[in-house]
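Chemist: Numbered according to the UniProt record's numbering, the sequence shown spans residues 1 to 556.
Heads up, a few of these hints could be off.
Claimed, not checked - Below, computed lysine-lysine pairings styled on DSS-like, alpha-carbon distance capped at 30 angstroms:
| no. | residue 1 | residue 2 |
| --- | --- | --- |
| 1 | Lys-393 | Lys-422 |
| 2 | Lys-551 | Lys-411 |
| 3 | Lys-355 | Lys-342 |
| 4 | Lys-87 | Lys-47 |
| 5 | Lys-17 | Lys-49 |
| 6 | Lys-422 | Lys-394 |
| 7 | Lys-361 | Lys-411 |
| 8 | Lys-343 | Lys-369 |
| 9 | Lys-355 | Lys-369 |
| 10 | Lys-551 | Lys-537 |
| 11 | Lys-87 | Lys-49 |
| 12 | Lys-249 | Lys-47 |
| 13 | Lys-216 | Lys-249 |
| 14 | Lys-343 | Lys-473 |
| 15 | Lys-55 | Lys-369 |
| 16 | Lys-84 | Lys-422 |
| 17 | Lys-411 | Lys-55 |
| 18 | Lys-394 | Lys-411 |
| 19 | Lys-84 | Lys-411 |
| 20 | Lys-87 | Lys-35 |
| 21 | Lys-343 | Lys-393 |
| 22 | Lys-88 | Lys-49 |
| 23 | Lys-465 | Lys-453 |
| 24 | Lys-430 | Lys-466 |
| 25 | Lys-453 | Lys-472 |
| 26 | Lys-49 | Lys-35 |
| 27 | Lys-343 | Lys-411 |
| 28 | Lys-537 | Lys-343 |
In short, the hints are calculated from the structure, not lab data.
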Amino acid sequence: MLTDVEIAQSTEMEPIKKVAERLGLNEDDLELYGKYKAKISLDTISKVKDHENGKLILVTAINPTPAGEGKTTTMIGLSQALNKMGKKSVVAMREPSLGPCFGIKGGAAGGGYAQVVPMEDINLHFTGDIHAITTANNLIAAMLDNSIQQGNPLDIDTRQIVWKRCVDLNDRALRHIVVGLGGKANGVPREDGFDISVASEVMAILCLATSLTDLKQRAARMIVAYNHAGEPVTVDDIHATGAVTLLLKDAIKPNLVQTLDHTPVFVHGGPFANIAHGCNSVMATTLAMKLGDYAITEAGFGADLGAEKFLDIKCRQANLNPDAVVIVATIRALKMHGGLNKKELDHEDLEALSKGVENLKKHIENIQKYGLPSVVAINAFPTDTDAELQLLKKTCEEMGVDVAISQVWAKGADGGLELAEKLLDILDTKESHYHPIYDLDAPIDQKIETIVKEIYGGDGVIFTKKAKNKLKKLTAQGLGNLPVCIAKTQYSLSDDPTLLGRPSGFEVTVNDLIPNTGAGFIVAIAGSIMRMPGLPKVPAADKMDIDEDGKIVGLF
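Working from the sequences, and respecting the hints, build out all of it.
Modeler: Here it is in structure tokens:
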């Protein structure tokens, strides 16, 4: 069996100019990065802003398990299938982070015959967007420490610095560090730490910005510290706004690539959904809607994380109105949610499936709460039995939701035709009545409680003393009307990664609240989630190599 990278390397790509032509774009609209990658100019984005919007379809999933779900692969295959049916479909998706690429999760360019290419470039440095974000983040940190070193004119309290440095790798040793050691010439000693780059607020403002001017305004108001009077100190206060925007002048432009069968794909921005807001850029999504009749996008991890943030944060800020949702699941993953060991997944187990399907049912219910029609995509495996498929189909139909078998990993566009037909049917027969799950005017703690009770299925929220103090502080600062972005484990509906399936009777503990005033939301840190992951015992990087001819091996 060919690996993903072998399949990608055996496929002949079209020149990106030709892919762009199918979208009605010409060479003047592109900034080329070689033959097969391009950025879309900001002038082009302005040029198409009055085009009619295509249908917006969100692809989400159940809570992930080691058995795999295939959300990104399904999204890509669905768009390929729509184009094969004669529809004009465009994908808008996130950029992969190097952290999980070299760690445990793998790439984020799809798999099998539903991939985005050139997958090696996309999964590695791509067009340098995340490097630009990393540098912009760390410039802010450097200018902040320099302001303190040069007499501290802003009276910054070094105990209340909230801006961390970042790097786009999984490196647990950098979570908590001390900087400024080595004497007076080397700065003021203080505690510091690193987040992974995709958790940086710089990533968030890039993904939520609608223009270069909007990006600059967002950068200016990001809070980096507090002074001794308890007042916020911003990026603008340390005179870093212009330089930060300058570093992001190219990164803000969406990237255009293609699938194995040349379906156009915008790959831009990559915040994680377990520690950030989990959606690709507003500009890329908008382009897909303006240039295609069907814009297929995704949001990270399960619907309790990525979809919730897509619907409560991104759509609200960008004035987007999604038309339908695809919820991806696998029989294998649902059996794990039902308590089955990973080694036993190849065998039929209707009892485990019956228990595990409760996780899927909760996500279906949640999407219904947002007023959106949905279809369930079963990412098929050879080990799935007819009895298991029938049980799952019956469960979904009892909830009024159609089910389609997806075989896009093995068959590409052909394997997604059933799903595409089901999607087109619900778009024709069911209306979207999209609305967010909470009102912005509600207090911060009530918004968090609404998500925990309505979306996670929990009984309530426990706020630590630190979190309670932050609640008072943020409310006093006038930030109480911002949406909330909950950082929690992706493996469970709860904040405990061991509680699989559909847990009940639990409470979610909020340990901290972090204002992301540039992005326009409050980050709530729940459970033991960390914003800097670590590498597993055997990282994916162990198997990666490149030969003397430049051929990459071991990359998924």
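Chemist: Hints first: check each against the structure and report whether it holds.
Modeler: Hint by hint, here is what the structure shows:
A C-alpha spacing of about 13 angstroms is found between Lys-393 and Lys-422, which places the hinted pair at or below 30 angstroms, so the restraint holds. With a C-alpha separation of about 25 angstroms, the suggested pair Lys-551 and Lys-411 falls inside the 30 angstroms cut-off, and the hint holds. Restraint check for Lys-355 and Lys-342: satisfied, since their Cα atoms lie roughly 15 angstroms apart, inside the 30 angstroms limit. Of the supplied pair hints, the one linking Lys-87 and Lys-47 holds, its CA atoms being roughly 23 angstroms apart against a limit of 30 angstroms.
About 21 angstroms separates the Cα atoms of Lys-17 and Lys-49, which keeps this hinted pair within 30 angstroms; it holds. About 16 angstroms separates the Cα atoms of Lys-422 and Lys-394, which keeps this hinted pair within 30 angstroms; it holds. For the hint linking Lys-361 to Lys-411, the alpha-carbon distance of about 28 angstroms falls within 30 angstroms, and the restraint holds. Note on Lys-343 and Lys-369: the hinted pairing is violated, with a Cα-Cα distance of about 36 angstroms set against a maximum of 30 angstroms.
For a cut-off of 30 angstroms, the pair hint linking Lys-355 to Lys-369 stands: about 22 angstroms separates their Cα positions. Distance restraint check for Lys-551 and Lys-537: the Cα-Cα separation of roughly 26 angstroms lies within the 30 angstroms cut-off, and the hinted pair is therefore satisfied. Our distance criterion of 30 angstroms between C-alpha atoms is met by Lys-87 and Lys-49, whose separation comes to about 21 angstroms. Simply put, Lys-249 and Lys-47 have alpha-carbon atoms about 18 angstroms apart, close enough for the 30 angstroms limit, and the pair holds.
Restraint check for Lys-216 and Lys-249: satisfied, since their Cα atoms lie roughly 10 angstroms apart, inside the 30 angstroms limit. Distance hint between Lys-343 and Lys-473 is unfulfilled; the C-alpha atoms sit about 49 angstroms from each other, more than 30 angstroms. Distance check on the hinted pair: Lys-55 and Lys-369 sit about 20 angstroms apart at the alpha-carbon level, within 30 angstroms; holds. Between the alpha carbons of Lys-84 and Lys-422 the distance comes to roughly 15 angstroms, so the proposed pair stays at or under 30 angstroms and holds.
Distance restraint check for Lys-411 and Lys-55: the Cα-Cα separation of roughly 25 angstroms lies within the 30 angstroms cut-off, and the hinted pair is therefore satisfied. Taking the CA atoms of Lys-394 and Lys-411, the gap is near 25 angstroms; set against the 30 angstroms cutoff, the hint holds. Straight-line distance between C-alpha atoms of Lys-84 and Lys-411 comes to about 13 angstroms, which keeps the hinted pair within the 30 angstroms bound. Among the hinted pairs, Lys-87 with Lys-35 is consistent with the structure: their alpha-carbon atoms are about 26 angstroms apart, no more than 30 angstroms.
A C-alpha spacing of about 25 angstroms is found between Lys-343 and Lys-393, which places the hinted pair at or below 30 angstroms, so the restraint holds. Of the supplied pair hints, the one linking Lys-88 and Lys-49 holds, its CA atoms being roughly 18 angstroms apart against a limit of 30 angstroms. Between Lys-465 and Lys-453 the CA atoms are separated by roughly 21 angstroms; this keeps the pair inside 30 angstroms, and the hint holds. A distance of roughly 45 angstroms separates the Cα atoms of Lys-430 and Lys-466; the hinted pair therefore is violated under the 30 angstroms criterion.
With a C-alpha separation of about 22 angstroms, the suggested pair Lys-453 and Lys-472 falls inside the 30 angstroms cut-off, and the hint holds. The straight-line distance between the Cα atoms of Lys-49 and Lys-35 is roughly 27 angstroms, inside the 30 angstroms bound, and the hint therefore holds. For the proposed pair Lys-343 and Lys-411, the alpha carbon gap of about 26 angstroms is at most 30 angstroms, so the pair holds. Note on Lys-537 and Lys-343: the hinted pairing holds, with a Cα-Cα distance of about 19 angstroms set against a maximum of 30 angstroms.
Hints 8, 14, 24 from the earlier list are contradicted by this structure; the remaining hints agree with it.
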